[in-house]
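Q: Listed in order, the protein sequences are those of chains B and Y. The first sequence: position 392 = 392 (full-length UniProt numbering), numbered continuously. The second sequence: position 83 = 83 (full-length UniProt numbering), numbered continuously.
Just so you know, these hints were derived from the structure itself, not from any lab. Do not rely on the hints blindly, as some may be mistaken.
[Unchecked claim] Below, computed lysine to aspartate or glutamate pairings styled on EDC-like, alpha-carbon distance capped at 16 angstroms:
1. B:K427 <-> B:E443
2. B:K241 <-> Y:D51
3. B:K241 <-> Y:D53
4. B:K427 <-> B:E354
5. B:K241 <-> Y:D5
[As the list claims (entries may be wrong)] Here chain Y is said to cover these stretches of chain B; the calculated rule only asks that three of the stretch's residues, wherever they fall, bring their Cβ under 8 angstroms from a Cβ of chain Y:
6. 280 to 290
7. 520 to 531
Small disclaimer: the values here were computed from a predicted structure and weren't measured. Glycine included, every Cβ here is placed at the ideal spot set by N, Cα and C.
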Amino acid sequence: MTACGNRFLERLAGILAADPELPFVYLRQNDAYLTVTRSELAGRMGAHAAAWRAAGVGEGDVVFIILRHGADAMPAFLAAMWIGAVPSFLPFPNPRQDLALYREVHATVLRRTGAKALMAEPDLAAEFLNLLGPQATAVLAPPAVGCTALLPPPAAIAEEGAALLQHSSGTTGLKKGVVLSYRAVLAQLDAYAPTLGLDPRSCVASWLPLYHDMGLIACFLLPSVSGVPIVALDPFEWALKPQLLLEAIGRFRATHVWMPNFAFAHLTRGVPRNERYDLSSVAMLIGSSETNRGHTQDRFLARFGSHGLRAGTLQTSYGMAETVFAVSQSQRGVEPRRIGIRIENACVFPGDTELLSNGKPLAGVEIKVLHGGRMRSEERIVGELCVASPFNFSGYLGSGGTPDRFHRTGDIGFLDEGEVFVLGRIKDLIIVNGRNIYAHDVEAAVNDVPGIHPGRCIALGVASDRTGSEEIVVIGETSAPSPDLVAAVNRAVLAHFGMPCAAVELVPPGWLVKTTSGKVSRERNHQKYLIRAAHADATP
Amino acid sequence: MTILDTLGAVLRRTFRQPNLVVSRSMSAADVPGWDSLNHLFLVMELEAEFDVDIAADEVARLPDIGALADLVAERLARKDTPG
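The following block holds chain Y by itself, in its conformation from the complex (with noise of 0.2 angstroms):
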């Protein structure tokens, strides 16, 4: 399962959208129920889907799905080198 399957699962989950589909090109807009008050959510649910520590305001900056997954992959890499 790629890092992009993931997140469509957790947005789906948050978001409470079973039929979204997820590309890297979608942003926050495209997805009902995004917004600011689920943002935190989705947050909370990326932390622990992935073991990994992102804040709010940066995945908030994000362009789209696919920045989010590059940030969750770096996230992931960062976590497993070690130092």
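The shape of chain B in the complex, shown without the other chains (with noise of 0.2 angstroms):
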């Protein structure tokens, strides 16, 4: 065994050097499956930890990593962890977005938090080097394809070090990066694993990217460091063809899948009626990163049960970056439990709108309701959550100071039973298909389109039952509407977020509603637009 005094490295050490010819993960590309063996990961991580340490990575660099669906993800991060860095994954810029744009923030990203350096794929490690110029953050590509190294023993980081960066989807100056400690990332492991049953016949598949902290936690970390095989998918081809995430089920018999309430949605809808699945091997279907529904899961169970799902595999769970990623979980093999509520003066009674339990917090964890300026602890009382966990977060990278004990999530719920309901948001956060949008990033950019009124314009985030997520409305007011302004404003969130809007309107000017100190009210906006779509759906 290897020991360096950092348990997270040691149990990867571990991992690789037990049973190596063991997959590791069994990657999709090309239409086909490559099986990396762990002593082939292990290989390939030496070569990326030389790849680093002749960038001039050492202990303590931040390193970003920007790289297709591929080979090369896992090891690049776990190399770095290695070597003692500190690595972080950003998006892989989507086709549809505006390349310079993306360049130029996330060069703004680069500078900002002292980069190091900067792994992407070859001709946007080029790109990347001409914008940024020889400066202090070292762009480099991928160690050339079958190249391979012996991994050198891991570095001995103290646990209480900066393990990795998680980054929010916020566009310039709102790209923050939660600092996230080898003390957090374990003690969310071993808080976390206990509820999942994970065994020697375990085997996690997900298309989910690995700059989202779901892919990244509980599909990349966790079964790294437990010895359980992982079927990765391209989430650009799975959105394309979604039924490969159930071929994949029932091809390596994989036992745990986390995705969005969203995805639920999206099989649900895409995958072709005429195919049968093996989905027997499923002991949990996780729900999480956006508001799990009742009505998407009865839908995808209504859909999936007679391709060997059962009812308690779906399953729930809430968390976030900011506590490396779940605070709760539902019971394995229990349905999460749902109950009817109705709101009165920030009580909760019994009523008629159903919500879906997100299960009991993980051991360790306390969750507070901040109602009317204090941390409550009594039940069903809303407000808004607050966490405290032995995972919590070592701050946001550049500000300074240590955050609260309590973790203020900006999420709406209350707790019942000892479980935890989450009812909305505070913050003007829109999550749009699990991904995190900031409407005054959308409205930043929709701001700058000629034809709309400056500072005249709202975006919201609208539930969608069709989608089983939340999507992006933009309300503009212009004096000269037309179908070519309603085009520039789609174009102009598409090429900041990669998404369109769902919906673009234009009104008057005059239509948005103000508050009292002469700000566009999200609220009454929001209030306003689902009157007017109700009625316009009522319209014949």
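Both chains are sitting in their own frames, so use the hints and assemble them into the complex.
A: Following this line, the structure appears as structure tokens:
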């Protein structure tokens, strides 16, 4: 057993050394599965470790990785940790994004974080090199295909030190790096793993991108140090062929799957009906990263129950990057509890609004509700959920100071019978298909569109029953509405975020409701939009 | 009704854009709601509407609606050609 004083790296070393010919990951690429064994991963990690070191990367250095789905993302990340650096995945540019804008935003992130190095695909690396110039950040491409090297002993990094960064999805100035220590990551894995029942037959199947906290922690690092093989699909390919996940589950007898609520809806709608799938191996199919909805899970089960999926396998979890990942988890083998509620004066009473429980907090987690300026421990009081745990983050990179013991999540919810229920958010955050988009970033992008009156637009996150997620709706005031202006607004949002609006509503000047202080009111305009949409639906 | 007209109806229905005006030069980026997930449902709607086989990734590579209309026309012609 390798002893370096860091239990995460020691566990990883133990996994790589034990049964080196066991599969580490089944990687789908080019319409086939590439099996990467533990020894092959170690060899590739050795090559990556050498590449990082050759770029001047050492202990404590922040490094970024922008790679396509492929054989290099995982070893690049693990090798950076192995030599004591602090890695972070950033999303590979979506083909529909404005590439110049993408490079500019991410170059800003690299400069601001003082990143020591960036590993990117060769074409992207060359572009970043041109943009950044001969500055402090080294830009490198992955080692040549097939190149391997002996993996040196892991660095002796104190567990209080930073292990990795996770990034929020904001744009300039808002892309905040969440610093997670080894202590926090280990505490998360130790608290979360027992709720999952992982054993030698377990297998995780995932289409989630690795820059996403659920993809990174639940579907990559957790199985990596638990000796559980991973089936890794390309997120872009999965979006077009959602049945790939079901085929992978059957082929590799996958037992654990995590995905946001929208993915349950996408699979229900998008998988061809004439195919049979064997989902009998699934022990837990866990919804997280956006609001879990009971009817979405019901439709999923109705669609795939005849393919071997059992009711108790559909599970829920609540988590966020600032707590590494999971804060709570529903009980394995048991359907998450549903309750009908109504809310009066911030108190929860029996009623007609159905909510799905996110399970009980993990061991060591303390949840309080901030209401009326006080932290409350009572149940059925609605307020901002605040979380203290052994795995809370160390702060945002460069922000200085230590975060409060209770992290204010920005989510509104309550506790009932010790379980976590989430109602919505107080932050101006729109979660689209599990991805966080800040409304004011969208508004800033739309404000620059000629024809939209400056400062007279608003972005809303509107819940969609059809997609099982939220959708971006932009309402902009203009004196000259036209189809071209709708397209221009949509293009602006697409260029910045790689995803379009669900709707662009052009309204006459004065339509948007302002607060008494003259600001455009998000809440009141949201209500006004919903009333207008309901009226439009009701009009024949 | 031309293929472009029918395409317009499918696009309006799929992406829930009742006021969408479709032209050959329009691209996916011009259409609110046309994301990578809904792209799959557009293809399913097109297959059902025109009774032809179309792959989601080949549509994703097309530059504009005009090219999509041409692809549909080509598939319809192939379907009508014996043998």
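Q: Taken at face value, is the distance from the CA of D53 of chain Y to the CA of K241 of chain B at most 16 angstroms?
A: holds, 15 angstroms
Q: When I compare C-beta atoms, does the region 280 to 290 of chain B have three or more residues closer than 8 angstroms to chain Y?
A: Our answer is that it is violated, as 0 residues pass the Cβ test (under 8 angstroms) against chain Y, missing three.
Q: With a cut-off of 8 angstroms between beta carbons, are at least three residues of the region 520 to 531 of chain B near chain Y?
A: violated (count 0)
Q: Take the C-alpha atoms of K427 of chain B and E443 of chain B, compute the straight-line distance between them, and say whether it is at most 16 angstroms.
A: holds, 15 angstroms
Q: Can the restraint linking K241 of chain B and D51 of chain Y be considered satisfied, given a maximum Cα separation of 16 angstroms?
A: Not OK: K241 of chain B and D51 of chain Y at ~20 angstroms, beyond 16 angstroms, violated.
Q: Taking 16 angstroms as the top limit, are the C-alpha atoms of K427 of chain B and E354 of chain B close enough?
A: Status violated; Cα separation ~23 angstroms.
Q: Is the Cα-Cα distance between K241 of chain B and D5 of chain Y 16 angstroms or less?
A: violated, 28 angstroms
Of the numbered hints given earlier, the model fails hints 2, 4, 5, 6 and 7; all others are met.
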